[in-house]
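Assemble chain B onto chain A, guided by the hints.
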Amino acid sequence: EAQVTQNPRYLITVTGKKLTVTCSQNMNHEYMSWYRQDPGLGLRQIYYSMNVEVTDKGDVPEGYKVSRKEKRNFPLILESPSPNQTSLYFCASSFTGGINGYTFGSGTRLTVV
Amino acid sequence: AQSVTQLGSHVSVSEGALVLLRCNYSSSVPPYLFWYVQYPNQGLQLLLKYTTGATLVKGINGFEAEFKKSETSFHLTKPSAHMSDAAEYFCAVSEDKAAGNKLTFGGGTRVLVKP
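Listed in order, the protein sequences are those of chains A and B. Quick note, the first sequence lines up with residues 1 to 113 if you use our numbering. Quick note, the second sequence lines up with residues 114 to 228 if you use our numbering.
There may be inaccurate statements among the hints.
[Stated by the list, open to error] Computed spacing ranges between beta-carbons, pair by pair:
# : chain 1 : residue 1 : chain 2 : residue 2 : range
1 : B       : 195       : A       : 8         : 28 to 34 Å
2 : A       : 7         : B       : 152       : 18 to 24 Å
3 : B       : 120       : A       : 7         : 32 to 38 Å
4 : A       : 65        : B       : 193       : 44 to 50 Å
5 : A       : 40        : B       : 154       : 17 to 23 Å
[As the list claims (entries may be wrong)] A short, non-exhaustive set of chain A residues, derived as facing chain B with CB atoms under 7 Å:
# : residue
6 : 43
7 : 101
8 : 105
9 : 106
[Said to hold, decoys possible] Below, a sample of chain A positions facing chain B; criterion: calculated Cβ distance under 8 Å:
#  : residue
10 : 40
11 : 41
12 : 63
13 : 90
14 : 95
15 : 104
16 : 107
If you are wondering where the hints come from, they were derived from the structure by calculation, not from laboratory data. All residues carry an ideal CB built from backbone N, CA and C; glycine is no exception.
Extracted from the complex, chain A is given alone in its bound form:
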């Protein structure tokens, strides 16, 4: 089944403790992207990648890192999480960028206390 898989689905952590949210797609998509969803703000792009080893900042990149060493994986790294990073995170992938729409993962609900 074609899908984007994120792990974990739920995570509660403490301020300053490094964490990684994994994202993997099995559709051989070039484009991958991370979004965070906050009430009333919709989804905002954190980082995106147009291919292996090609990443760039989105609208809200502060406090996040990403890497794209393989085409299928696009992990999101929070080096020192803070409470304002409490949010619902989505990974998404696409063949042709946004033209035909992205396939989204099921989301990771992160709480930083």
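The following block gives chain B in isolation, referenced to the frame of chain A:
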């Protein structure tokens, strides 16, 4: 820069009634437009999209949307609401290939369907 405005963060409709969700966008170039639906505790699912061609676009689950360039709108409709339509709906625009065809989302509209 592109932006998307969804009028109404919450909409309540009766089962069988018309569903109308409003979306207006700003874009400096002809945009690609999307509607996504998010059911509780799930990711976003593509409902329909407009890229080029016919301005009335049909999607899944009986939804359709019309691209009106003069009004910079892409409103979503469904003639008869069903209980299973209760979800949050997001309008999105994409125009900038250099930025990975970033999707810019509206704030979302949560639909409640009353029996």
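#### Entry: Those earlier numbered hints the structure runs against, lowest number first
Hint check: 12 and 14 fail, others pass.
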